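There are 2 protein chains.
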Amino acid sequence: MPAQDNAQCHPVLIDGAWRSAQVSGMFRAVDPKRGDDLSDQYPMSKWADAELALNAAASACTQLRDIEGSSFAAFLRSYADNIESRAEQLIATAEKETALPAEPRFRSVELPRTTNQLRLAASAAEDQSWRSPIIDTDNNLRSVLEPVGPVAIFGPNNFPFAFNSVSGGDFATAIAAGNPVIAKAHPAHPTTTRLLAESAWEALVASGLPDTSFQLLYALDRDDGLRLAQDRRLGAFAFTGSREAGVALKAEADRVGTPFFGEMSSINPVVILPGAIAERGEAIADELAMSGLMGTGQFCTSPGLVVLWMSDTSEAVLDAVARKYQASPCGSLLTAGVRDNLATSVAALIEAGAEIVCGAGNAEPHNTFKNTVLRVSGEGFLERSEDLQAEAFGNALLFVVVRGDDEAARVLGVLGGNLTGTIYASTDGTEEDRYHLVASALRPRVGRLINDKMPTGVAVSPAMNHGGPFPATGHPHFTAVGIPASLRRFTRLACYDNVPDHRLPKILAL
Amino acid sequence: MPAQDNAQCHPVLIDGAWRSAQVSGMFRAVDPKRGDDLSDQYPMSKWADAELALNAAASACTQLRDIEGSSFAAFLRSYADNIESRAEQLIATAEKETALPAEPRFRSVELPRTTNQLRLAASAAEDQSWRSPIIDTDNNLRSVLEPVGPVAIFGPNNFPFAFNSVSGGDFATAIAAGNPVIAKAHPAHPTTTRLLAESAWEALVASGLPDTSFQLLYALDRDDGLRLAQDRRLGAFAFTGSREAGVALKAEADRVGTPFFGEMSSINPVVILPGAIAERGEAIADELAMSGLMGTGQFCTSPGLVVLWMSDTSEAVLDAVARKYQASPCGSLLTAGVRDNLATSVAALIEAGAEIVCGAGNAEPHNTFKNTVLRVSGEGFLERSEDLQAEAFGNALLFVVVRGDDEAARVLGVLGGNLTGTIYASTDGTEEDRYHLVASALRPRVGRLINDKMPTGVAVSPAMNHGGPFPATGHPHFTAVGIPASLRRFTRLACYDNVPDHRLPKILAL
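Residue numbers (my numbering), protein chains in the order written: chain A, 1 to 510; chain B, 511 to 1020.
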């Protein structure tokens, strides 16, 4: 990517203006279904753009501190309206850039979810329910959660609306908590991101919030991304993406004590107890195949690891899933990189002892991988448990067939942190002891413990936890979904000691 | 410290028993006032002891999960009672090991504070106010804060009761939130720690909590400390101490995604506006000298940096403080290491451009350092701001004399995170604009913003924030003092999706 004339590419948004980027190169998105470059050209910014963005965001903090929650709410609502007004253009663009289907995925699910999140964040900005004020008049001492400072957001490839760095949950909650944002687009869908950012910009101008409230860059090289993560002007860093990139960014943020909220890796174990297999194995096989192939397995909560107790019935279920995997079309993956990583990850699982049940190779249509089912014994898993619990992001599933309860508990006991863990059990109450054994091993390792349904599907609810212990995320106390809790990621605790009323933030004054 | 016969030293408490340590060496505490070794001998444990402690704590988690809050409360209250029963022995021992005064410090302040914290934590364990349950019946989704897992606690040298790893705020809140503890004593006061741990042990046995609920080691070498911090069996790490040790431990915990709550460094800037100087400069000089020399400057919230506006009146205040510093006795420092570090830190400040007003050298009585006042211009500070804001833990104070509001704002603008920031302003309302300029620069950099009083003194109140941005602590969202908020450090968010009532934690069942 040699440096080129920046007039050939779309401008970035920094410091209240769409301006020519200071480019180190340019890129185009690729149509995942055909492999062709799409027409719009976007800048890879030099560090100088990040520097401008950091200064603009840092200076925005002071202004934003005095702005009422209702103004943030007005911006977020008007932005949601704008997204709805240009919904069809957004959907068509996202479909082209990601190969995910317009219907039902974008039109009926992801876009309404995105505007719903923006509106829920607006309500939280308005009702200030995230702030937890405490007033101790005896000690003349008050504390409250306050905005943490500029939030850098790097969004993922797999949700071009709901987790986009300029429209997703991180953006909505960082803004609702009063923070300026520095968003970096995912290079797989820059035009979707630009259309969203333009909608946000129109809403921002109309709302009267400072025009520095958010900045948009399209790409930074790896070193500049790491440099951004360790910049002391940042208040927090939000990242959704691969474990490799997340861990590298987290290390930089950690070094300077900047809170890092990363969603990085999750194999979402599904444990199917023998009683459930006996009772409704066929139905579970259907659910599992549907969940595992949804979005070509490119959901944060896709099931990647399934634990079964060795038996003929279990073999029948495994077989039924494999047949469904073979019979289903192989969906396009989001990018050529995703396919290459999936191929590498599946090869690594096989090297570590997993056997191929079906798939495990590139498929015919462009940018697809065969729907893949692998298996390993509980003993085999325990021998190479680190390697065998590595995420294979995409349409691949690893069954672990255990010899009994003890082995199951040992397998679950070596798992790292996950977003979800699921247990299917018989409904007649005959395997509650086994349920408790398994739940006891899973609970400390997962953010959300699920019973008798598949993990794909993340309700937008105040009770949701889309989080979990490392490496699922960077901190097990916080969630990326669920308002107002998800706003609290972007706050710091502030305390006022002996400060007279007229100098206090309004929420703490009597 | 060569390996020796472990019969010569006190046992450690691991896995429900006081047992001979697996020693790599032994140590005795030193009387800070005389430099003599005290008689009791304590073990430096090999890694094998840490390994045993980790396994015991990990297995305790499962048992603790099913225990009612009232049982934790009973333990904490009975422990507080035991401390009161042997108060005089504890006070005499702590006085010998730390050279801090029995009265008022230990008898009237720190010991009552410690038992108060234990009882407040007991109430929080009982009322479960830290858990924030959310029940969404529409989505059949529930979330709640749960214990995070084994908590390693490394306590500091400066509060042998209130921040001791077996009796302080970290211990009380980690236990109240249902976590097993692995405590490491501070080697400056092992006998105080042993007496506390014995009191805790008696209470534990009486309460019926699992006997693995806490473990006590006296010392680990540096490499084993770092190894402990990166052990995946830990749920969280709590540290109070030097920045150097804290940052090293934090890096290891961060690498494996273990939440690290460190209180590491704070110079607690005090800004005295010209109006306050003119109105009551003499009184402020008194307060400053008293606060700065309290506990020989060895408080987490000791003022270390004072900003004054250049004027004759400011010079008079600076001069008055220096006279008081010279006239006051030089208190014993906690250890020879503290004195050496203070000498090194003061020398580094001088090398970076600070001028000596008074002190800056070892004093006559054993283990004392001359009460030290340094000064630098605002311009000089800005040239070497990283070096000049390094903490000099002990009885040393650096004045920064600025030329006006702009320079003051620039000086404050380059400060890192601090526990507290204080502003003295005139009481007649004539310098509110200047107040807001200064407060605006300080607010994002401090955990607690104080008006018109010195920062020493940390009220135990739900509204307290004893925290702040890095390097004051490891995460600006959390506080180490203030119940129930301080319990939340030792929790993870847990969510239950479609889990039937009989399998839910009680607090989430309908």
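Treat the hints as calculated values from the structure; they're not laboratory data.
All figures in this text were calculated on a predicted structure; none of them were measured in a lab.
Some hints here could point you the wrong way.
Just the calculated beta-carbon pair ranges, DEER-fashion [claimed, not checked]: (1) A:R255 / B:R575: 28 to 36 Å; (2) B:N649 / A:G413: 25 to 33 Å; (3) B:D829 / A:V205: 51 to 59 Å; (4) B:D829 / A:R255: 37 to 45 Å; (5) A:S85 / B:D646: 25 to 33 Å; (6) A:S85 / B:N649: 26 to 34 Å; (7) B:P839 / A:W47: 53 to 61 Å.
The following residues of chain B were derived to be distant from chain A, with all beta-carbon distances above 12 Å [unchecked claim]: (8) Q532; (9) L548; (10) S581; (11) E605; (12) E712; (13) P720; (14) A763; (15) T768; (16) A788; (17) M804; (18) E861; (19) E874; (20) R999.
35 Å max Cα-Cα, derived DSBU-like pairs, lysine-lysine [as the list claims (entries may be wrong)]: (21) B:K543 / B:K880; (22) A:K453 / B:K1016; (23) B:K834 / B:K543; (24) A:K33 / A:K453; (25) B:K543 / B:K606; (26) A:K506 / B:K606.
From the three backbone atoms N, C-alpha and C, an ideal C-beta is built for every residue, glycine too.
Hints versus structure:
1. A:R255 / B:R575: 28 to 36 Å: 34 Å, holds
2. B:N649 / A:G413: 25 to 33 Å: 30 Å, holds
3. B:D829 / A:V205: 51 to 59 Å: Given about 55 Å between the Cβ atoms, the range holds.
4. B:D829 / A:R255: 37 to 45 Å: Check passed, 41 Å falls within 37 to 45 Å.
5. A:S85 / B:D646: 25 to 33 Å: Once the Cβ atoms are compared, 31 Å apart, the range 25 to 33 Å for D646 of chain B and S85 of chain A holds.
6. A:S85 / B:N649: 26 to 34 Å: Holds - the Cβ-Cβ distance for S85 of chain A and N649 of chain B, about 29 Å, lies within 26 to 34 Å.
7. B:P839 / A:W47: 53 to 61 Å: Since the Cβ atoms of P839 of chain B and W47 of chain A sit about 54 Å apart, the hinted range of 53 to 61 Å holds.
8. Q532: It holds; Q532 of chain B is separated from chain A by about 26 Å at its closest Cβ, greater than 12 Å.
9. L548: Nearest chain A Cβ is 37 Å from L548 of chain B, so the label holds.
10. S581: 19 Å, holds
11. E605: 29 Å, holds
12. E712: 30 Å, holds
13. P720: The claim stands: P720 of chain B keeps its Cβ more than 12 Å from every Cβ of chain A (closest is about 15 Å).
14. A763: 9 Å, violated
15. T768: 7 Å, violated
16. A788: Holds, since 19 Å exceeds 12 Å.
17. M804: At about 17 Å from chain A, M804 of chain B clears the 12 Å cut-off, so the statement holds.
18. E861: E861 of chain B clear of chain A: closest Cβ-Cβ about 24 Å, beyond 12 Å.
19. E874: 37 Å, holds
20. R999: The claim breaks: R999 of chain B does not keep its Cβ more than 12 Å from every Cβ of chain A (closest is about 8 Å).
21. B:K543 / B:K880: 15 Å, holds
22. A:K453 / B:K1016: 22 Å, holds
23. B:K834 / B:K543: Answer holds: K834 of chain B to K543 of chain B is near 23 Å, not above 35 Å.
24. A:K33 / A:K453: This hinted pair holds, its Cα atoms lying about 31 Å apart.
25. B:K543 / B:K606: 8 Å, holds
26. A:K506 / B:K606: Since the Cα atoms of K506 of chain A and K606 of chain B sit roughly 49 Å apart, the hinted pair is violated (cutoff 35 Å).
In the structure shown, a violation is registered for the earlier hints numbered 14, 15, 20 and 26, in ascending order.
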